[in-house]
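**Student:** Below, each chain spelled out in residue letters.
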Amino acid sequence: MDKKLVVSSSPHIRTIESVQSVMTDVLIALFPAALMAVLLFGYKALLTMVISVVTAMAVEALWLRKRDLFSDGSAAVTGLLFAMVLPPAPPWWLVVIGAASSIIIGKQVFGGIGYNIFNPALVGRAVVVMSWGARMAGPIWPQPQPFAFTADISAVTMATPLAAQQEALSYSLASMFIGVMPGCLGETSTLALLLGGAWLYYKGHIDWRIPGGFIGTVFIFGLLFGGAFYGGPFETGLFHVLAGGVMIGAIFMATDMVTTPVTANGRLIFGIGCGLITMLIRLWGSMPEGVTFAILIMNGVTPIIDNFTIPRQFGGVKKSA
Amino acid sequence: MSSVAFKGGIHPDYQKEVTATLAVTPMKAPPVVVIPLKQHIGAPCEPLEGIKVGARVKMGQKIADSSGFVSAPIHASVSGTIKEIGPYNHPLGRPAQAIIIESDGEDSWDEQLKPAGDLNDLSAEEIRKLVREAGIVGLGGATFPTHVKLSPPPEKKIDIVVINGAECEPYLTADHRVMLEKPEEIIFGLKVMIKALNAEKAVIGIEDNKNDAIRVMEAVSAAEGNISVSRLHTKYPQGAEKMLIQVTTGRKVPSGGLPLDVGIVNHNVGTAVAIAHAVREGKPLIERVVTVTGAGINRPANLLVRVGTLVSTVIDQCGGLRDNTLKLIVGGPMMGLAQPNADLPVIKGTSGILALTDEDVYLAERAPCIRCAKCVDACPVTLIPAMIAQAAEHALYARAEKLHALDCFECGCCSYSCPSKIPLTQLIVIAKAEITKAKKK
Numbered sequence: 001m002d003k004k005l006v007v008s009s010s011p012h013i014r015t016i017e018s019v020q021s022v023m024t025d026v027l028i029a030l031f032p033a034a035l036m037a038v039l040l041f042g043y044k045a046l047l048t049m050v051i052s053v054v055t056a057m058a059v060e061a062l063w064l065r066k067r068d069l070f071s072d073g074s075a076a077v078t079g080l081l082f083a084m085v086l087p088p089a090p091p092w093w094l095v096v097i098g099a100a101s102s103i104i105i106g107k108q109v110f111g112g113i114g115y116n117i118f119n120p121a122l123v124g125r126a127v128v129v130m131s132w133g134a135r136m137a138g139p140i141w142p143q144p145q146p147f148a149f150t151a152d153i154s155a156v157t158m159a160t161p162l163a164a165q166q167e168a169l170s171y172s173l174a175s176m177f178i179g180v181m182p183g184c185l186g187e188t189s190t191l192a193l194l195l196g197g198a199w200l201y202y203k204g205h206i207d208w209r210i211p212g213g214f215i216g217t218v219f220i221f222g223l224l225f226g227g228a229f230y231g232g233p234f235e236t237g238l239f240h241v242l243a244g245g246v247m248i249g250a251i252f253m254a255t256d257m258v259t260t261p262v263t264a265n266g267r268l269i270f271g272i273g274c275g276l277i278t279m280l281i282r283l284w285g286s287m288p289e290g291v292t293f294a295i296l297i298m299n300g301v302t303p304i305i306d307n308f309t310i311p312r313q314f315g316g317v318k319k320s321a
Numbered sequence: 001m002s003s004v005a006f007k008g009g010i011h012p013d014y015q016k017e018v019t020a021t022l023a024v025t026p027m028k029a030p031p032v033v034v035i036p037l038k039q040h041i042g043a044p045c046e047p048l049e050g051i052k053v054g055a056r057v058k059m060g061q062k063i064a065d066s067s068g069f070v071s072a073p074i075h076a077s078v079s080g081t082i083k084e085i086g087p088y089n090h091p092l093g094r095p096a097q098a099i100i101i102e103s104d105g106e107d108s109w110d111e112q113l114k115p116a117g118d119l120n121d122l123s124a125e126e127i128r129k130l131v132r133e134a135g136i137v138g139l140g141g142a143t144f145p146t147h148v149k150l151s152p153p154p155e156k157k158i159d160i161v162v163i164n165g166a167e168c169e170p171y172l173t174a175d176h177r178v179m180l181e182k183p184e185e186i187i188f189g190l191k192v193m194i195k196a197l198n199a200e201k202a203v204i205g206i207e208d209n210k211n212d213a214i215r216v217m218e219a220v221s222a223a224e225g226n227i228s229v230s231r232l233h234t235k236y237p238q239g240a241e242k243m244l245i246q247v248t249t250g251r252k253v254p255s256g257g258l259p260l261d262v263g264i265v266n267h268n269v270g271t272a273v274a275i276a277h278a279v280r281e282g283k284p285l286i287e288r289v290v291t292v293t294g295a296g297i298n299r300p301a302n303l304l305v306r307v308g309t310l311v312s313t314v315i316d317q318c319g320g321l322r323d324n325t326l327k328l329i330v331g332g333p334m335m336g337l338a339q340p341n342a343d344l345p346v347i348k349g350t351s352g353i354l355a356l357t358d359e360d361v362y363l364a365e366r367a368p369c370i371r372c373a374k375c376v377d378a379c380p381v382t383l384i385p386a387m388i389a390q391a392a393e394h395a396l397y398a399r400a401e402k403l404h405a406l407d408c409f410e411c412g413c414c415s416y417s418c419p420s421k422i423p424l425t426q427l428i429v430i431a432k433a434e435i436t437k438a439k440k441k
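Residue numbers (the working numbering), protein chains in the order written: chain A, 1 to 321; chain B, 1 to 441.
Everything labelled a hint here was simulated from the structure, so no lab data went into it.
For glycine and all other residues, C-beta sits at the position ideal for the given N, C-alpha and C.
Worth double-checking, as some hints may not be accurate.
Claimed, not checked - Coverage of chain A stretches by chain B, computed from C-beta distances (three or more under 8 Å per stretch; other residues unrestricted): (1) 17–25; (2) 201–210; (3) 307–313.
What the hints assert, rightly or not - Estimated spans, in silico, between C-beta atoms of each pair: (4) TRP93/A <-> LEU363/B: 42 to 48 Å; (5) LYS156/B <-> ALA198/A: 45 to 51 Å; (6) TRP109/B <-> ILE16/A: 48 to 54 Å; (7) SER21/A <-> GLU218/B: 39 to 45 Å.
Starting from the given sequences, assemble the full structure and let the hints guide the process.
**Tutor:** Here is the structure:
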């Protein structure tokens, strides 16, 4: 035997999954929502997404001094997610600054992938909301114009359903489910987001706990405390689930692996916490929408949640520390 | 009828079809055997009086033993002359003392070996003695001396014997073939165990990727009122003691405890066959079924191999290794041990010889942990592998212990499922060693 053999510790076979394949699956999962954004808001939405993704990838490559733009794919995911929570036609410089902030402040200053505490895309969003509030809230939202790719969507603007109940009543729950309402470019279509969520679930990248806890809490809270303005308590509960960023938040943001708990019970607590804070802000806070800050706050307490939810080991009797 | 699955686990590429249909063929008797003095968990054996270089031995003759209770004697697997007694490569890593016998090609049995007679006339004590004298150890791979598992402390009443036919390790088909080819011996061996333990019943757990074996075992156990077959969901590590007991009996072995704490002992199907041979024919354990497989093996096979046969000899009989072989493993791909070369003997616990090629072995660079929790969801004993591994990397062994590192039985599910290719199992094994070391101080 003169062959050179590799000796290493077991196991000797590994899953073919990698960080890159996981990130690619997330991009695939975002495709329906991205397509819907283009169908509803036209070329400006497409442009926003392209600028954001390219900026995020370029900034990360520059920061890491890597030639490989796509690399592990995480920058592309952050860039696309950041675009999805922007208005459909923001100025290009706002997209660039926000995407760059996502990568630098949201991720690289902490040590890069795996080490960031807060969801990078939402850090980017928080930066632009704080800096250019008037461009991120108020009656700035273009009305969706389905299948009008080249239309100038900025011509007709309004407030989101969450910001003004007057606006809310003009959208049926069915059209909200499909996504024909004003809002951030990737957040309006529950249908498209659910399709993406189903793919992530099928691939084993998310489980039911975070989205279930988040959406369930929002629904119950809306039902109990939302009043009956949207036809009845049940409808109001549904309204709160379909309006704003709950669906994209619950399926794509609150399930970000790096910034959420690893324990099973921790994941459920995280989801419920996100739903709770979202509704506190929506119903009694000064802002119409609370998903961004709900998730960022829960990101911050993730290590504590993990430490308090370490499960009992198989056959264990004592409560663990 | 399908059993409840345990929590966690993985679904690797099983690759069992390569050898599942190949009948066990006896391997040509080797010209030389290298018989290590330690082939079991417990005290190593010492050569018996008269066992020295130049001495002639018969096949089946006891050549080494130990006075320790947790120990099993060792027998010559060929007849011939002792050529050397000294250190030799061992599958567990470090070279260990071994008796090297040159075969005379006669395979003449030790005449003193005799059948034990009718099972009905044997007492529990006689069975234990006979099993010990036959050198029988757990053939699933753990190699715990079988007679010890048949001697529970008097305060522990054992009511169920669980037989492991799950064979959850990918690639391996040795137990599968034994169930197809020796079902009647398994039942007989099982009856011996039931008698020795004064147990009430027995369950044979088999994964549902071996439907033919389930049918065969159901057919032979139908006539026995107290033996049943449990059809198990195919999921690794279904054959792990704690998982197997949970799904076949609903009982949970306590953390840090043994199956006998919940009234159960657990044996492998191959062990049952070895016991049957010892009782009926008086034959000690000198051969076992080994699956030789993997894309690096030219002619995969299930072979009946004499203990002490060199792995290189076995591989030669299977047409040799392919050029792109990258890893040689004794055991299965999940828990087996990678070897630097093939110059080492098959021992009682060798269930497989696996050659993996550059296409099977994933030598990717390690990426940072992305906290995906796939290791958490895969761990069958509900640990948080990522956290324990992180503690181990920072030498925070007290924290690793608090995170129940000692409950890890090294199944490898965490490392397998990690997209960042972090050697989680290895790090936890290091933590376990450090924790145990600190405790001994």
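**Student:** Run every hint past the structure and note whether it holds.
**Tutor:** To see whether the hints hold, each was checked on the structure:
1. With 5 residues carrying a beta carbon less than 8 Å from a beta carbon of chain B, the stretch 17–25 of chain A meets the three-residue requirement, and the given coverage holds.
2. Coverage of a stretch by a chain is defined here by at least three residues with a beta carbon nearer than 8 Å to that chain's beta carbons; for the stretch 201–210 of chain A and chain B the count is 3, and the condition holds.
3. Closer than 8 Å: that is the beta-carbon criterion, and the stretch 307–313 of chain A has 4 residues meeting it against chain B, so the requirement of 3 holds.
4. Range check, TRP93/A to LEU363/B: Cβ separation about 44 Å, and the 42 to 48 Å hint holds.
5. Look at LYS156/B against ALA198/A: about 50 Å separates their beta carbons, and that is inside 45 to 51 Å.
6. Our hint of 48 to 54 Å for TRP109/B and ILE16/A holds, since their Cβ atoms are close to 50 Å apart.
7. Evaluation of the 39 to 45 Å hint for SER21/A and GLU218/B yields a pass: the beta carbon distance comes to about 41 Å.
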